Amino acid sequence: MLLEDGTYFEGEGAGASATATGEVVFTTGMVGYPESLTDPSYRGQILTFTYPLLGNYGVGDPQRRDAFGLPVSFESGSIQVRAAVLQNLTEPHHWASALSLPEWARRANVPILTGIDTRRLTAQLRTQGVLRGLVHVGDPLPSRSALARALSGAPRYEEEDLVAQVTPQRALVVPCGRRGAPLVAVVDCGCKVSLLRSLLTRGMDVLRLPANEPVPERYDGRRISGLLVGNGPGDPATLRGVVEAIREVRRRDLPTLGICLGQQLLGQAAGATTYKMKFGHRGQNKPVLFPDGRAYILSENHGYAVDPKSLEGTGLRAWAIDPDDGTLEGLRDPRGRVLSLQGHPEGGPGPREAGFVFDLFAGKVRRSA
Amino acid sequence: MTKAPPARPERVLLLGSGALKIGEAGEFDYSGSQCLKALTEEGIYAVVVNPNIATLQTDPPARGRTYFQPVTPEFVEPILESEKVDGILLSFGGQTALNCGVTLHRQGTLRRLNVRVLGTPVRGIEETEDRARFLTLMQRARVPVLKSHPVYSLAEAHRQARDLGFPVIVRVAYTLGGKGGGVARSPEELDRVAERGLRASPTHQILLERYVGSFKQIEYEVVRDRLGNGLTVCNMENVLGMRVHTGDNIVVAPSQTLNDEEYQLLRAAALRAADACGIVGECNIQFALDPRSQEYYAIEINARLSRSSALASKATGYPLAYVAAKLALGYTLPELKNRVTGVTTACFEPALDYVVVKHPRWDLEKFPRAGRELGPTMKSVGEVMGIGSTFPEALLKAVRMTDPRSELVPPVEVREPAAIREDLSHPTPQVLVHVLEALAAGIPPKTISELSWIDPWFVEQLREVQEICRVLGGMAPGSAPIPLLARGKRLGLSDRALARLLREDEEALRTRRVAAGLVPHIRMIDTLANEWPSRTNYLYLTYGADADEVGPSPAGSLLVLGSGPYRIGSSVEFDWSTMNLVDGLKAEGVPSVTVLNSNPETVSTDYDRSDRLYFEEITLERVRDVMDKEGFAGVVTSVGGQLPQNLTPLLAACGIPILGTASDSIDAAEDRQRFSSLLEKLGIPQPAWRAFTTVEEAERFCAEVGYPVLVRPSYVLSGAAMRVIPGRADLERFLSAAVRLSPEHPVVISKFLEGAFELDLDAVSDGEKVWVAALLEHVESAGVHSGDAILVLPPRRTSPRVHQQMVEYAEAMARALRIRGPFNVQFLAVNDEVYVIELNLRASRSLPFVTKATGVPVLREAARAMLGKGLTGQGLAPVPFGRWGVKAPQFSFFQVEGADPLLGVEMQSTGEVACFGPTFPDALVKALVATGVRFVPRGGQAFLSVGGPTLKERLLPAAQRLRALGFSLAATEDTAAYLEARGIRPVRVLFKIMEPEREPNLKTVLEKGELDLILNVPASFTQEKFERMLEDEYWLRRRSVELAIPLFTSLETFTAYVEGLSWLREHPLTVEPLYGSDLPGRTLSLNSPRSVDLNRADREASSQKRRGRTAGRSKERKGTPTSTSIRTRPSASASGSERRRSPRRAS
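Residue numbers (the working numbering), protein chains in the order written: chain E, 1 to 369; chain D, 370 to 1516.
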């Protein structure tokens, strides 16, 4: 592995023999690697795990589907990261395991670099900020200068249209199975399965819309009663079309929920600005503090955030913050019509006790349906 | 809206856990100490009640007072009153504190005195403690639980078992410790188990539960604040599953075999459960999870700090007890800071970037009769924690930490598969070795997992260890390439293990690997997987890292080696010594002091107590690794007990500077031959002794000096394999075993002086001056291990001449050996003649007692001496006038099924207490009560059984006194006749158990509960024909322990107990702090302002005795009858006013 600052790591290869470039980020989560690796928000990134043992419980059956027809224990249909960097792979064992992590990665043509001191790598990313990097697995090992050339020639994270790689090609309804369920439109920039499931299990049908498409008032004859702007990869500032679509639909005063990238897009649509964080928040142990003193542990995966100083005049106000570094972790409008969280109340992987925001949202959707 | 915080309490009482016992050990010194830190920060006046003298939490407080008193309601009530406390903390002192606090609440005492329970309300505690309420509560919280089904007959049991499906677990209602229960895997087994259970149950009721032994055992540590913010600090997985008690399990953090769904499923259930109980502070929740589905059950909740929470604190760096204390004071989680980063909040869940493995330390060889199979009852006495980048690295470290001589590698000789299979299905402390052996024998991992119920993932990890050992074992010496060695190192193999496998010299191997750059690197534990920079220096070494995260400590820095795991003979007192010396060195201006220790139950492994902390192995290899990096100016090996002490010569041989007494001097004291020559040179008497290698020589010597003799191998602690031998036949029989035990060392035989007084001396020296802190006299005469003896300060039965001699001898030895640091001498005194039997050039077990009782800062002075400065005092320190101190041992015989509670030269106690008072009996009674010895001052029936005419004669005074106190006496035929012949009558004759047809039989009478007091001193011979009688006596002792009847196996202890009984008739007991931040001086006033009348307590207790014995059902796994009946069990029949004991003023 070569980083843009010249740092070089050598380890053992697993998964696919391939070369991958991307933005190198780290997650501190200790479980949930199948979920993380398939999270579309990681698109375009090389994911480093700080937890030293990976692959312990294998990977579930990729063909398995839940009652809604969604994959089980995956956040999308395939591995989204460009490469995974970790310390040790272990021999898997679990009743729900269908194949091993390296075998899964091999089939998905994703290289895994193991035997790396990921704690040292993490320290570097923490102090220097995220870095671009290249992972190569396979013989023969190219020279360092060849790797450096390949890395410098690769597109930059901010320049890639990553959302286009993960958004659905056409609109698609996922029914929750209850009669008379309200229909919620999802601006799907690479929405996690768990996020969709969080709406479905609360009795809402979901309309997944390609990111750049305008949100219709009705779909297939059904009125749309709520809007979810979901997670996804990339720099929100580059997603002008999506922001425009959201601004348009906001005029309709639909109950709106933003999650992760969704919060950033809602913020931009309201006139706020976003910024790139030094190394982001990626883990399952993040505190999010609400004004009433209640705090929740949240799963997070974001490298951008809404600038709290830019909220003035947007009609949105801070709803939750990260007490550690003051990052804006939640937004709302005064009436609570618009709610958003920067983290992932749906878990997948991670805690789900902030799922109350889905309950709040579901209540509003039902009332407006 | 934020709920307004409750008013801040001003004076808070903290209940400690008392003496260390199996199931309740050093972890509560850690939790109490962290709690005190939190209270001190808040400027709160803290009143500590804890008789555990060896703890750091009972050191003189920054602001508050310390009471060395039993943690029982009758002793705590007057303290609550006189100290005018307004808050009480129940959750930092284990089950002892919790039980005491709940009783005080139920009695209405807390309400009457306006004392608020801080933290989790009593309602929540009760709901976790009462099985029926727990089940209801969990159902409300949508947390699945296993139901208990009461049945009253065999037929019913079969019906129920059919419904539940086999296997089922049978629990016997209303017996202590789950005795009589068991697992039934088939209807046939149920016949046997249920029949036995129904017979054992006084209510003829047994409880059937589905047996989930093959499930995974997963624990979560939850913190929750008053607003309901909750989080799980850590989860842990038990490698041996549900089958083995978590205290005896090998535990890994975080869980290794759970996927995200399972992890979150249990995590969410843990938070719901904590919510339902209204936890404010900390709790531990244990789940059983099906290894083949997501089916799970909550097994129990501990609404308090626990062994697991101490482990979780050390495993993550999250100071659970400190945070719990702050939450109890009304803080919320986001208001508290993460002490590692100093900037982030305590409201987060630690992310680990390493693996932690806890391994228990068993001492089952100390209990020859105890069963070795691991199961639902805890037997271990301590634990260690290995940290690594791989599971094997952490595990193999942990195994060496439990005992540096051990190594988790496949055995050299692999047995027949059938034998291995058998062992796998019946796990013992050796279970992981058996897994490796099974792998080496070619038993498929799947089969191993099926037999052992160890998850295949762990078996697979062990297979990696077995595989590398196999590969290395097949290499020619010197041919193993560095990458292969590196792999072995990453899997945790020590140099010694590698050298053995490769048949190479260990030192040469080390040189080769160091030259190749194959060295471990320093990593930091920072709670956040390096996401934030850390301010603390909580460190470990691993072969999984590329570089050191910290540079060397500043020049002139020192390393102090800690105690390692708590075990019989080396316990919390050595953590106390470690920290007191660290503080002493810091006070003397040492720039940086680093601690290295492996025990998660300690205060010394709190990363903010020293400048740096290495959570590491106390082995030569690891200390050298650390030294290579740090280059400390010196290493202290003399305050952590025998484990670090044993490293002294090895470290010195590597050129590592030892701080304190020179290694050669230590050898001169520990090598019997050298020590004996020294004594001769100094003209100091010693009991006649010699070393032998053949039985013939030994027999000649013994005949010459006369029996009894004491036989022991050299270089031992706590008398392993040491024994008093009464005659020739026994000598032959014993020697074979002892010689086999230690082939390198000859057997040492010394003349055993009967009826001698045994004394201890604790002192410190700078090589010139000697400051003797105290002389301690044993209540028991020689023959009872000093760790099991009751120690009295000041001595009361020996003469000033003896004391003078002791001091002179100690001074002579200190100067001869140029002792620089703490030391302890053991003496015998016979007819005013003083003999030296042992010199220990290290901090002793009795040092905390001595320091606290006399105020001589032995370790502060030791720090000066080690740094080459002179002592600030010398000579024999005076004992504060009018103060008696009594240190008493705590035994855990009840917990170890089958253990024989007979005292001897082998140490068996697991902990100790010390209490103080204006008279010897006052201090003695409190100390005994604090260790769970029940006093029966109102009288009752005493059964006396002593062997041999000498002992019988010595029994007479105590027997007479018992009669005078109104006790009725019972004895077997011989003893009864002897007593009656000397005018002590009547004595009821009870027939021996081996004559069951004769009534009244001892067995029947004992089982009926007619005996209140038992003395059994067996005759000291073991001829074959008496073996049946020995068996009887064993049964008697064992049964007494199980029935919680006061039992004595030493005549001296018994005599002292009777003295205590007699004192109680006339006097209430004093209740006074030993010291306080606001008390002038440290003297104990004779006018005790508060007192406890145990006569009254006993009357009430006895009226409940029968009920009590059968009614202690709530959480029987935890309640142990080491508690006395003075620790009154709340009873519905006793009304509040009747039960309220207003403390009497002493006149």
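Hints are computed from structural coordinates only; laboratory data are not their basis.
Quick caveat, the model's predicted, so the values are computed rather than measured.
One thing to keep in mind: the hints can contain errors.
20 Å max Cα-Cα, derived EDC-like pairs, lysine to aspartate or glutamate [stated by the list, open to error]: (1) D:Lys1050 - D:Glu1137; (2) D:Lys706 - E:Asp292; (3) D:Lys1050 - D:Glu1177; (4) D:Lys1361 - D:Asp1401; (5) D:Lys1050 - D:Glu1180; (6) D:Lys1238 - D:Glu1342; (7) D:Lys706 - E:Asp325; (8) D:Lys1321 - D:Glu1123; (9) D:Lys815 - E:Glu91.
- Item | Earlier hints that do not hold, by number | Failing hint: just 6.
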